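Enquirer: Listed below are the residues making up each chain.
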Amino acid sequence: MQSEYIIEMLNIRKEFPGIVANDDITLQLKSGEIHALLGENGAGKSTLMSVLFGLYQPEQGVIKKNGEVVTINNPNDATALNIGMVHQHFKLIDVFTVLDNIILGAEDTRMGFLQKQEARKKVEELSRRYGLKVDLNAKVEDITVGMQQRVEILKMLYRDNEILIFDEPTAVLTPQEIDELMATMKGFAAEGKSILFITHKLNEIMAVADRCTVLRKGKYIGTVNIADTTKQELSNMMVGRPVQLQVEKKDANPGDTVLEVKGLTVPSKIHKNDAVKNVSFQVRSGEIVCIAGIDGNGQTELIHGLTGLEKTSGGTITLCGKDISRGSIRYRSETGMSHIPEDRHKHGLVLDFTLEQNMVLQSFQSSRFQKLGFIKNDAVRAYADTLIEQYDVRSGQGPVTIARSMSGGNQQKAIIAREMDRNKPLVVAVQPTRGLDVGAIEHIHKELVAQRDAGKAVLLVSLELDEVMNLSDRILVMYEGEIVGELDPKTTTVQELGLYMAGAKKAEGGK
Amino acid sequence: MTFVVQQTLLFAIPLMIVALAGVFAERSGIINLALEGIMIMGAFVGVYFVRLMQDFDVFLDAARMGNYWTLQGLELLAMLVAAVFGALFSLLLSFAAVNLKADQTIGGTALNLMAPALVLFLVRILANQNTLQMTQGDAASWFMIKKSTFGVDKNVQWGFLGETFLNKVYLATYICILVFVVLSVILYFTKFGLRLRACGENPQAADSLGINVYRMRYAGTTISGALAGMGGFVYALTATNCTANGDVAGFGFLALAVMIFGNWKPLNIALGALLFGLFKCIAAGYGSIDINGDGVFMLAEIGISSHLYRMLPYLITLIVLSFTSKKSRAPKAEGIPYDKGSR
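Chains A and B supply the protein sequences, listed in that same order.
Going by our numbering, the residue at position 88 of the first sequence is 88; the numbering climbs one at a time, nothing skipped.
Going by our numbering, the residue at position 315 of the second sequence is 315; the numbering climbs one at a time, nothing skipped.
Everything labelled a hint here was simulated from the structure, so no lab data went into it.
There could be a bad hint or two in this list.
[Stated by the list, open to error] Derived DSSO-like pairs: lysine-lysine, alpha-carbon spacing no greater than 30 Å straight-line:
no., chain 1, residue 1, chain 2, residue 2
1, B, K265, A, K269
2, B, K265, A, K139
3, A, K346, B, K326
4, A, K346, B, K327
Remember, predicted model here, so these are calculated numbers, not experimental data.
Just need the whole structure built from these sequences, with the hints factored in.
Expert: Here's what the structure looks like:
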């Protein structure tokens, strides 16, 4: 009897020491559908997919393919069953060429020697057929993230996979690349391939998925048809309580200028031109100013110039009336700046330090936490405990948890707790919700609005149009290193904002 | 000139093959700091094997009768035995690094400390002196390929190429070059090589593609041990007249420097080893280098202090490394124990 489902995972249970990551979870994938797997960070999505991919063995439950029970002990078994996966963190070898990456693990050989010509033809054919443009001779380290993802997809196609798993595929992509990916996924489904799409972005599920299975805290919540549901309903299922997708905030009540940037220029590390060209703007207390723009238009360098992570080559930065253009990073932050960095692993945390050590990274030198150069461990522990309590930072072992082992959302909460508690007049937040789930995003948005209402000046950099429109009081659009427009979110539309971001529109004469 | 080329090769070949040993370990993700120790073991085992074989009549007769090809066979056997012992010795490192997930630097250092002590201990027991030698004859009389090996009178002139590459050379040198080429080809053009390199760069990715990272790392380190062991014996044979005393003059560490200088790439390593060998040759024999054959020993007579010549190889290493190390790029995952569970 032919089963309706191509893959079934029935009553899967997977335990790790201390937690049940998957508790009686059932997932049934129909042939030729796009099936979304929705859940917050830590809900057990990745564990479930690792079980399907043979990386973990479940304690209970069975996996069936076309109605027949199969055992998957390792990725080779999964590949033999035509299951392929694009991992959230790409599994690519940076110094290999694109072609070598695609054939690795499934090489054709003659007398032990690699035969790349056949492979090249096959990949070129696939690349043409699905419109997945890649440069086969380029090294992976030299190509864009979007192209790296296409390489991952080609890896699956090269192995003739029929069941394609995408683990958080859009987290690293620009809006255009996301649109392309969605179109590609629909194309695969139309050809009869079955797709499992792991995500926590509701817009994407509504756009491409046919059905959606929701997990919460390791438990199976339900499977719904996308046609019969709404974003709100999905997010309620995922979080387990009604969630505000819209940020609630009062009108802004701007006060004095906190940050004034005049003619700021930052050289680029990649090319000879300046990454930030003669940019001027102000941020006042009690308002959220958002810098919008497509990734790579100088936002990162602007913030690095502002916070001192990179040297500027011109212009002045005035914070709370003091010129900090030449100041050290610590001077700037002491003068009145909290910084929630773009890359929380690189600039936000010392990943191999404990949570409590990370909590005092900015303040360990104050007399509160040290005496004669020795850290007062009791004071640090007490302080960390208060912050953990107050900001609801969840971790395995509380203050002594190693930061690396925490989920992305809780790492971000830890950074926010540290930065907010320093109580500085300017809050610089760069993509504070990147890669986080709905519940965590809601929390962070509320916190930023609370900071604004407490009279802080908030400078927000975001790539998410929804976030820009919802959260900001003023929008500055950056395009190719310049601020090309200042918009009021109340009177502008997403379409108009998009035109500015794409450089199609430009405010005349500046401000 | 013949002298310069031969002396250069004498130093360059062991360096080259041991640097390649380093490449195979590091490209699979294991830092093999134990190259020096493995060389010492290889040198000892090879020399000891030769000593043992010298008790057999077949080799004694061969040496007495001038049956050189039998002796070349003995040389090859000794190289093989040194390689096998090197591989076995390196299993200690693999076990510590792969199974126990120990710090590889410390594991390698432990082997480096153990090898000379153990070898000296054994040499004292076996030979009752600090150096283990052949029981009779020496490397030159037993193993060196000379004109007489081909049945040619030693007064016959062979021209530059013949004099340089066929007279007063060791078969081991050419075997090493052959092995070097074959293994370089394997590293770059075979499935095994591709997978090995993948494990040194991104073991998680390799694992997700069904490659057994542990097995590849064992393979890389074992090949590394075999090459280093063989290199150790070749060094002992050609540079110290087939003796072992628990010391290979830091060649294992120099090989590491050559490997870094060569950016973990075989061709660059060959060039680096030759460059280093040349300077080592100048340092050792600047007084007898006669470049154009006119009887003038230019380097000695130019008036530069002899200390400078002796410093040259190390000075050049320092300078070249400081200019090239910025661009050189180690395999990304080297030195990090691979744990299947962590993501």
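Enquirer: Take the hints in turn and mark each one as holding or not.
Expert: Checked hints:
1. K265(B) <-> K269(A): holds, 28 Å
2. K265(B) <-> K139(A): holds, 17 Å
3. K346(A) <-> K326(B): Holds. K346(A) to K326(B) sits at ~22 Å (cutoff 30 Å).
4. K346(A) <-> K327(B): holds, 23 Å
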